[in-house]
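Enquirer: Now for the letters of each chain:
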Amino acid sequence: MAKIPYAVPTLDKLPTVPALKPGAMSELKSYVAVAAHQQPLGFPGELVENWEQAAVAKMGELLGKYKSLRVYLDICVKCGACTDKCHYFLGSGDPKNMPVARQDLMRDIYRYYFTPTGKTLGALVGAKPWTRERLDDWYNYFHQCSQCRRCSLFCPYGIDTAEISMAAREIMDSIGLGQKYCNEIIGKVHKIGNNLGLPEPALVNTLEGLEEDVLDATGHAVKFPLDVEGADVLFVTPSADFFAEPHVDGLIGYAKVFHQMGLSWTMSSYASEAGNFGMFIGNYEQMRKIALRIREAAIQLKVKRIVFGECGHAWRVAYAFLNSLAGPFDFLDPRYPVPQHIMEVTRGAILSGAIKLDASANADKVVTVHDSCNIARATRMGPEAGSQFEYPRFVLQSACPKFIDMHPDATRQRTFCCGGGGGLLTDELIDIRIKGAKPRVEALRDVVEQHGVTHMASMCAICKSQFTKVLPYYGYDMGMVQSVHQLVSNAILLGGNS
Amino acid sequence: MSYTAGGKTVEADEEGYLTNINEWNEDLAGEIAKAEQINMTAEHWEVVNFLREYYNEYQIAPAIRVLTKAITKKLGAEKASNKYLYELFPYGPAKQACKIAGLPKPTGCV
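Line order of the protein sequences matches chains A and B.
Counted the way this note's numbering counts, the first sequence spans residues 1 to 498.
Counted the way this note's numbering counts, the second sequence spans residues 1001 to 1110.
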C-alpha cells in the first residue's frame, strides 16, 4: 500500500470550529467481526434475525443495570457546550461526530421504546424506531468515538459520551454486530494472554534479545525477568511494549529503573497484557475475565506488589476498576497502592536518590508531553489530585534539560485524544484517525514553531502507535514520538549501587 | 478479496492478509507486493524470508527489534534501523511485510 491520498486536514490555530460537512464520515466503517471472533466471547456469530427486539431488550437490561445511562439519556438540554470539543468532529466537520449528536443516536431509540412521550408522540419529540440505516449509523459513529471523555469535561451535566458509546457497542455485540478489531483481540487475550497473540516462547526470545541488546549498549546485565516465582513486583505492561517502537525503548527504561533500584520484579507470560479491551466494548464480563488473569498471575508468582507500565486505558481499568473486577488484593503488601503506576515508582526513586538521571543525555532534544486521555481524565498516579499530570512531568524534567508544555487547552484535563484510542487503532479507520489527530498536531506544531520542540513523549501504547502512524501525514517524523521511559532510559546512570 | 498467481486463486481477508498461510508461495508474494505497490528487491526478500522463518518457529511475527537485529546481521550495520525497514515497507514493516509473507496481521496496540 503506497501512502494513500487521504484528505489530510490543513492545520489551524487553536481553537477553530470547522465548517459543517454533513455525512463526511458516514461511510467509514470498521470491519465487522465474523463468527470466529464473536462466538468465543459468547456473542452471536452474525446479526440475529429479530435484532430490533433483541437490541431493545438489551438496552432495557443496561438501563436497569446502569442508572447513569438512563440519566445521561434523559438530562441533555442541548446547550451545545460539547459540540466543538470532540477531536473527531474538529478534524472531520461531520456533525454526527459532535458528542451530542453521537449521544442522540442512542437517545432517539431510547425515547421511542422507553419513554411515555416517545411512545405516543414519536418523531415529534425526536423518538425514532429501529431501522437498518439507524443501526448502520450506530455501528459507524459509535466506532468513531474513542471514549476519551473530553466532551464530558465540558458538559455542565457531566454526561459521559464514553459510557453511552460503550453501551451502544455492548448492545451491538449482543445482537451479533461486533467490531473485528476489538473482538479478535479480546479472543487472543483469553487464548494466549495478550493482545498481540505473542506466545510464551516468542516472549522469552524477545526478552532474551533485549537483555543482550542492553548488555551490548551499556555493559550492564539488566534483566527482563519472566515468570519468576517469589519476585516482589509483578510488572504488567501492554504487549506492544514487547513488539513495537518506540514502545520497546520504554520497556528498556522500566527494566533499567528496576535494575538500578535493586528491585526484585517479574513479568508474567500468563498476564502478558496490561490493556483491557473489555472496556472498549462496554462488556463487564470480558473486562473481568481479562483482569482476573492479572490476579491469578499475582497469586501464582507470590508477588507482593503489582505495577503497571505505560498504557492509558489499561491504567484506567487498573486504577478505577481492578479492585472491584478482580479484588480483594489482601494478599499483597498493604504498604503499596494496588496497583501502582510505573511513573510513581520512577518518581519515587528519583526523589529518594535510588536512581540518578543525567539529563545531558537528552540535551539534543526539546521535549513536550502528550497527556493520555484516560490517564488524564479518569485516574491519578499517586495520592495527590493532579499527580497524573505532575508525575510524568517531574520524570520528564528530571530526564530532559528542555521541557515545554503544549497549550493549556490541549493538555492536562483538557488533553485531546491521540485519535486512535477506544478501539479505533485499526488500519481501515486511518482516515478518521488522521482527522482526529488534528487538534493534537496543531498544539504540537505551535510548540515546534515557537519553542523548537523536537520530541513528544507519550505514556500509552495506543498513543505511541497512533502518532508514529499519523504524524508523517502532517509532515512530522515518526521518530518525534518517544516513550517517557525511553527518555529515562537514555539518562539513567547504571552501576554504582550496592 | 483474493489473489491469483500461477493460475491459482487464493483467498485473503478484507485487508488482503491470506486466509490460509499454507497457501503462500513466492509467486503469490510477488502478487501481494504488486497490490501493495512494492517492488520486491533482494532486501525485501531478506525481510520476508526472515519473517516466515521466525513465524514457523514462534507462531507470531518477530518484534521490530528482533527483526532489525536479524536484518542487520544479514545486510550490514547501516541497515540497522526501524527507519530503513519503513523505507522498504512504507506502511510499516510489521503489517505490510507480514502481508507479503502470507502471515496474519499483528493485532493490538501496534
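Note that these hints are calculated values from the structure, not bench results.
Misleading hints may appear alongside valid ones.
Where chain B lies over chain A, by a calculated footprint (3+ residues, C-beta under 8 Å) [stated by the list, open to error]:
#, segment
1, 66-73
2, 348-354
Below, a sample of chain A positions facing chain B; criterion: calculated Cβ distance under 7 Å [what the hints assert, rightly or not]:
#, residue
3, G122
4, P201
5, V204
6, S465
Because the structure is a prediction, the values reported are computed rather than measured.
Here a beta-carbon is modelled for each residue, glycine too, at the ideal position from N, C-alpha and C.
Enquirer: All hints are to be evaluated individually against the structure, with a verdict given for each.
Expert: Outcome of the hint check:
For the segment 66-73 of chain A, the stated coverage by chain B is not satisfied: 0 residues place a CB nearer than 8 Å to a CB of that chain, which falls below the threshold of 3. Closer than 8 Å: that is the beta-carbon criterion, and the segment 348-354 of chain A has 0 residues meeting it against chain B, so the requirement of 3 is violated. Because the smallest distance between the Cβ of G122/A and any Cβ of chain B comes to about 38 Å, over 7 Å, the interface hint for this residue is violated. With its C-beta approaching chain B no nearer than about 6 Å, P201/A sits inside the 7 Å limit, and its interface hint holds.
Taking 7 Å as the C-beta cut-off, the interface hint given for V204/A is violated, the closest approach to chain B being about 9 Å. Satisfaction of the interface hint for S465/A is found here, the shortest Cβ-Cβ separation to chain B being roughly 5 Å, below the 7 Å cut-off.
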